[in-house]
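Participant: Protein chains in written order, with the working numbering: chain A, 43 to 387; chain B, 43 to 387.
Calculated directly from the structure, the hints in this document are not laboratory data.
It is possible that part of the hints are untrue.
Identical copies look the same in the list; a pair holds intra-copy or inter-copy alike.
Calculated pairs, BS3-like style, for lysine-lysine (alpha carbon to alpha carbon, straight line, at most 30 Å) [stated by the list, open to error]: (1) K179 / K261; (2) K231 / K334; (3) K231 / K124; (4) K334 / K136; (5) K161 / K231; (6) K161 / K124; (7) K136 / K161; (8) K92 / K237; (9) K179 / K237.
Number of protein chains: 2
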Amino acid sequence: MTITLAVDCMGGDHGPAVVVPAVLEFLQEDSSCRAILVGLEASIQPLLAKAGADLSNRITVHHATEVVAMDEAVATALRNKKDSSMRVMANLVKDGQADGAVSAGNTGALMAISRFVLKTLPGIDRPAIASILPSMKGHTYVLDLGANVDCGPDHLLQFGIMGAMLAAALEHDERPTVGLLNIGEEEIKGNEVVKRAGELLRNSGLNFIGNVEGDDIYKGTAAVVVCDGFVGNIALKTSEGLAQMIRVFLREEFSRNALTRLAGLFAMPVLIAFRARVDHRRYNGASLLGLKGVVVKSHGSADVLAFRHALRRAAEAARQRLPEKIATRMAAAMQNMAPEPTLCD
Amino acid sequence: MTITLAVDCMGGDHGPAVVVPAVLEFLQEDSSCRAILVGLEASIQPLLAKAGADLSNRITVHHATEVVAMDEAVATALRNKKDSSMRVMANLVKDGQADGAVSAGNTGALMAISRFVLKTLPGIDRPAIASILPSMKGHTYVLDLGANVDCGPDHLLQFGIMGAMLAAALEHDERPTVGLLNIGEEEIKGNEVVKRAGELLRNSGLNFIGNVEGDDIYKGTAAVVVCDGFVGNIALKTSEGLAQMIRVFLREEFSRNALTRLAGLFAMPVLIAFRARVDHRRYNGASLLGLKGVVVKSHGSADVLAFRHALRRAAEAARQRLPEKIATRMAAAMQNMAPEPTLCD
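Throw the hints in and build the complete structure from the sequences for me.
Facilitator: Have a look at this one:
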C-alpha cells in the first residue's frame, strides 16, 4: 500500500531547509511512501536538485502562497490565510490526495486548521495531542499535552480510547495498557474529575490498569498515560527543564579542569550512547488525535533526523488507518456507555 | 536565641536509627539548638549512649507510647492515637515547649495532626506543602505539593504569600520572585482557576513575575513557583521518575563492558561531583505552611544526611519566626484585598 504524506515545508524554525532534506531521507528509507511538499515553490525546488529520479518520481511540489508564522494568532491563521501551506496541507488530506500530514508549524494554528478542515470524529468532543516519552521499558504515550486545559471525565475517557488506538497502531500491540495520571494509586485519590474519569475508564473495555503517578511515565508502568492538557503540559515541560539542567550540570562537571576534561574524553563513547537513549529527536512527532485524518506535529526546532521521525510516525498511523480505528472504538464505547448517565456531564 | 526542635523519632522507614544520629550531628553543627526526642524511650535511649555531655545537656527524651504507621489511615492516626510520637511532637510546639517540629512519618497523618493541634493561621483556608527543588540558579521553592487537590484562585494566592515568606525566611531574600505555574507565559493561558489566580497575584504586592512553565522550575526563573497540589505532585513525581531513569541509563551505559567500566572509573570523581549537585538528600525537608507553628516533613526514606537537612530547615524557619511572618503578610493582604469581591469565591 502506497502512503502519501502532505508535508508543510514552511513550518518550524528552519522551514524547507530542514523539511525537504528530511523528506528525501525518509523516502529513501521507505520506498512505499510518496510526499506532497506544500509551500513556496521557489523555496522548495532548489532543495530538490540533489534528489535522484527514483525520489523525484515520488515527490510532488504543491505551491501555497502564504505562510503561518510561528507566533501568529490562531484566529488570523485560520481566517485570513486560506492559502497557507498548513491549510493547503490539511485540504490535501481532506480531499483524499494525501493519507496523512506533517507540520512543524505553530501548534495552535495547526490544531485549529486541522479541526476546521478535517473535523473531529463522531463522539470526540475535542482532539488531543499525544506525544511519546522515553521510559525504562521503551516508551510511553502521554495525552493530552496542552490542547485541552479544562477537561471533564468524559474527555479523559476519550483520550484513553484515542491513546490506546494510537499505541495499538504504532506499537502493534492490540491491547496496550492505559493508566490515569493521578497523585496516588488508590481509587479515592485525586480531584473530582480524575476520580470520575477513573470510573469511566474502568468500564470502558480498555486494558485500564488504574491510577499511575508521575514517575510511572518514565518507569513505563502503562503504555498510555492519560491526563488533561494542563497537567500533561506541566509534566512534559518540567521533564524538559530537568533534562536540560542535568545536561548542563554534566557538561559543567566534565569541563571543570584539565583532569575532568580528560575523564570526559575517556567517557565520551559512553556519554554518547547514553545521550542517544534519551535523545528527544527520536521521540519527535506528536499526534493530533480525534480528527478525520492523520496529522502529526513536529517540534518547531526539529532537525532533519527529528523531522524524519515525525514523518515515520505519520506514515505508520496512516498505514494503520488510525482515524478509522479510533472511530470504530468510539462507536463501540458510545454504544456500551449509552445507558450510563455519567457520559452526559 | 536558642531554638528547640521537637523531633518525631518513630517516623520514616528507619525510625530512631536514622533520626537520633541525625539529631546528634545536627546539634553538633548548630550549638544554638536543643532537641526534644519524642517516641518510645526504650528505642531512643540506647542510641544516645555515644553522645557527649555537651550534646546530652541539649537533648530531652519525651516518651510517647504510640506510633503512627507509615500506611495508617489518617482518621485512625488522628482519632485513636492521642499519645503517638507525632501527636505529642505537635503538642510540644503548641504548648510553646518547642519552636518547631520535624517528622519523617506518614504525610497525611502529619498534616491532619498538625492542623488539628496547631490550627491554621488567620486567613489561611488550607495549609500547603512546600518543597525545594534544585535549579540552574540554586533552588526553587514549589508549593503546593499534594495537600490540596481542588484549589480555587484564592488558595493559589495564599500559597504565593506563604511560599514568598518561606523563601524570605530561608534564603534571607526580602522580596523573592513568585511565579504561577501555567502552560504558557501569556496572561490568557491556562484554565480558569489559574487565570483568576494570576489576577489576584498581580494585585497582591508580592514580587510576582507572572506565569512560568514547567521548565522554569529547573531554570530557576522564579524563587517560588505556585501551583495546586495535584499539578505540583505530578511535576514532582514526574521529575523523580525522570531522574531515576537517567541514573539507571547512565549506570547501564557505564557497566556495559570492560571498556565502559574503565571509562566509568576514570569519570568517577566527575560523576560523584555531578551526583552531589542533584543529590535529593540536600533538598529534604518540606515545609507544612499556614499553621500556627513550624512543621517540617522529612522524606520517609531519608538517611542521616537527608534528615539533618530537614532539621536545619525547621530550625531556620523557627529562628525566622516564619508563622508570624506569614500571619502578618496575610493580614496585610486581607486588608488590601477586602474590597475586592474576587477573594470571596
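Participant: Checking K334 and K136: alpha-carbon separation at most 30 Å within a copy, between copies, both or neither?
Facilitator: Close inside one copy (8 Å), not across copies (62 Å); limit 30 Å.
Participant: Within a copy, between copies, both or neither: where do K179 and K237 come within 30 Å Cα-Cα?
Facilitator: Only inside one copy: K179 and K237 sit 27 Å apart there, 38 Å across copies, limit 30 Å.
Participant: One pair to classify: K136 and K161, alpha carbons no more than 30 Å apart. Within, between, both, or neither?
Facilitator: within (9 Å within a copy, 61 Å between copies)
Participant: Quick one: K161 to K231, C-alpha cut-off 30 Å, is that within a copy, between copies, both, or neither?
Facilitator: between (35 Å within a copy, 24 Å between copies)
Participant: One pair to classify: K179 and K261, alpha carbons no more than 30 Å apart. Within, between, both, or neither?
Facilitator: Both ways: K179 and K261 sit 7 Å apart in one copy and 28 Å across, limit 30 Å.
Participant: 30 Å Cα cut-off: does K231 pair with K124 within a copy, between copies, both or neither?
Facilitator: between (47 Å within a copy, 26 Å between copies)
Participant: From the Cα coordinates, with 30 Å as the cut-off, is the pair K161 and K124 best called within, between, both, or neither?
Facilitator: within (16 Å within a copy, 61 Å between copies)
Participant: Within a copy, between copies, both or neither: which one fits K92 and K237 at a CA-CA cutoff of 30 Å?
Facilitator: Neither way: K92 and K237 sit 56 Å apart in one copy and 51 Å across, limit 30 Å.
Participant: What label fits K231 with K334 when the C-alpha limit is 30 Å: within, between, both, or neither?
Facilitator: between (35 Å within a copy, 27 Å between copies)
Comparing the model with each earlier hint shows a violation of hint 8 alone; every other hint is respected.
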